[in-house]
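Line order of the protein sequences matches chains A and B. For the first sequence, our numbering begins at 1 and goes up steadily by one. For the second sequence, our numbering begins at 381 and goes up steadily by one.
Keep in mind that the hints were calculated from the coordinates and are not lab data. A virtual CB, placed ideally from N, CA and C, is assigned to each residue, including glycine. Check the hints yourself; a few may be wrong.
[Said to hold, decoys possible] If we take Cβ atoms under 10 Å as the criterion, some of the chain A residues that face chain B in the derived model are: (1) Arg195; (2) Glu224; (3) Lys273.
So you can see what is in the structure, the chains are spelled out below.
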Amino acid sequence: MTERVVIVGGGTGGSVLANDLADRLESKLDAGDVEVTLVNDGPDHVYKPVWLYVPFGQRETADGRRRLDELVDDAVDLRIDRVTDIDTEAEQLGFSDGPTMGYDHLVLATGSTLRPERVPGLAEGGYNYYSESGATDLREELLEFTEGELVLSVVGTPHMCPAAPLEFVFMADDWFRQRGLREDVDITYTYPIQRVHGNPHIAEWARPIMDERGIEVETFFNAESVDPEAETITSMEGTELDYDLLVSIPPHGGIDLIEEAGLGDDGWVDVNKHTLEAEAAENVYALGDTAATGVPNAGSVAHYQAGVVGRRLASEIRGRPATATYDGKTLCFIETGMDAASYVEFDYENPPAPAPPSRKLHWSKLAYNESYWLTARGLL
Amino acid sequence: MTDIEPDKTVDARGAACPGPLMDLIGAIRGADSGAVIRLLSDNEQSRTDVPEWAEEAGNELLAVEEGDDHTAFYVEKA
Chain A
1 MTERVVIVGG GTGGSVLAND LADRLESKLD AGDVEVTLVN DGPDHVYKPV WLYVPFGQRE
61 TADGRRRLDE LVDDAVDLRI DRVTDIDTEA EQLGFSDGPT MGYDHLVLAT GSTLRPERVP
121 GLAEGGYNYY SESGATDLRE ELLEFTEGEL VLSVVGTPHM CPAAPLEFVF MADDWFRQRG
181 LREDVDITYT YPIQRVHGNP HIAEWARPIM DERGIEVETF FNAESVDPEA ETITSMEGTE
241 LDYDLLVSIP PHGGIDLIEE AGLGDDGWVD VNKHTLEAEA AENVYALGDT AATGVPNAGS
301 VAHYQAGVVG RRLASEIRGR PATATYDGKT LCFIETGMDA ASYVEFDYEN PPAPAPPSRK
361 LHWSKLAYNE SYWLTARGLL
Chain B
381 MTDIEPDKTV DARGAACPGP LMDLIGAIRG ADSGAVIRLL SDNEQSRTDV PEWAEEAGNE
441 LLAVEEGDDH TAFYVEKA
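Chain A with its partners taken away, still in its complex shape:
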């Protein structure tokens, strides 16, 4: 009998896993013993880190899009459709356009969605670089911005790429300096807890850089509302900031279907953080942003987790015990300006130790961005 693996979500985690399984289970796929289906609600794969560079005029959003059918192995069935129902009892998925589909193994890699509506006024008053339209809108605004108060507000965690808010203010600081405008632009960074980043080691590294560069910091700032008319943002803690340009990291959530299926709160699947198996259902894995592991919502995490789930599924399909586990490995480059970057690598046991910023690391990051498509193909 053919074993059916269904992967929902064609981002980094889903694409890498589909290609990993195509390679790992090649003979079984050829023999028809296994079917791997990748479901995505659109024909394209999107590489979101490109968006950080769009507001500064360094990349186009099109640079972060490729067709999934060009990235995913031909042995994988690609289904462009939207999942409307996850029934883990019947082991079946419902779709908006096509017939239902049963599965023997389900992997949820549905990623994050932006929820700016959770803060009144935020969608109307703020810009962001966490979506294609947001990044291009911010580019138009930033290019016109020559003086005033720029506020970068991290409204909630978890959010995609925890380093990106730091990168944005470091890059903006450098970008305005290079254009001779820095003295006319005040930059303020807000963060919900008492330091500038969730990870204490990264916060301790970043804070002195912010102080040296005159980037103002407001910690314990949980945005409660934005008044687009008055151009103010107010926190639950009672602080009000004036802004001329508000760049926010909007609240994030997963997809509603996950909560409706009883797999976890707010669209994140409760998983065993080592095996990535769902706590509430059999034969269900989650990876990347979708898996509530406590590690950063980052592409490198999805990449490493896809390798673990690929190995586990291959073992299960071969009738062997699954022994591969995820150790929390995360790897990030952190831009510290327009031509310098740092780098961190850490896991559940070992904390990050940011490398001294250098041009070499900046170029390494840009080189990785270009070679990312090899990652999506499962080659790197």
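Put chain B on the given structure of chain A with help from the hints.
Leaving out everything else, chain B in the frame of chain A:
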């Protein structure tokens, strides 16, 4: 043992920092004034994070209860 009856319990056991505090902040955001939220956390950092934030935000930390494998924080929304 406290006899405070919470209006809502947030179980953040197993979550890494700053997850527990952010879960508490999220619950407080959606609560009415006067509501009591109980946060369960097994993260060491919560012992300092939660009191510091409660004071900063003007909410009252009513009690801290030590369990075998976690700490329970009772926070009343101002």
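Evaluated hints:
no.: 1; hint: Arg195; result: holds, 9 Å
no.: 2; hint: Glu224; result: holds, 7 Å
no.: 3; hint: Lys273; result: holds, 8 Å
Every hint, counting from the list given before, is met by this structure.
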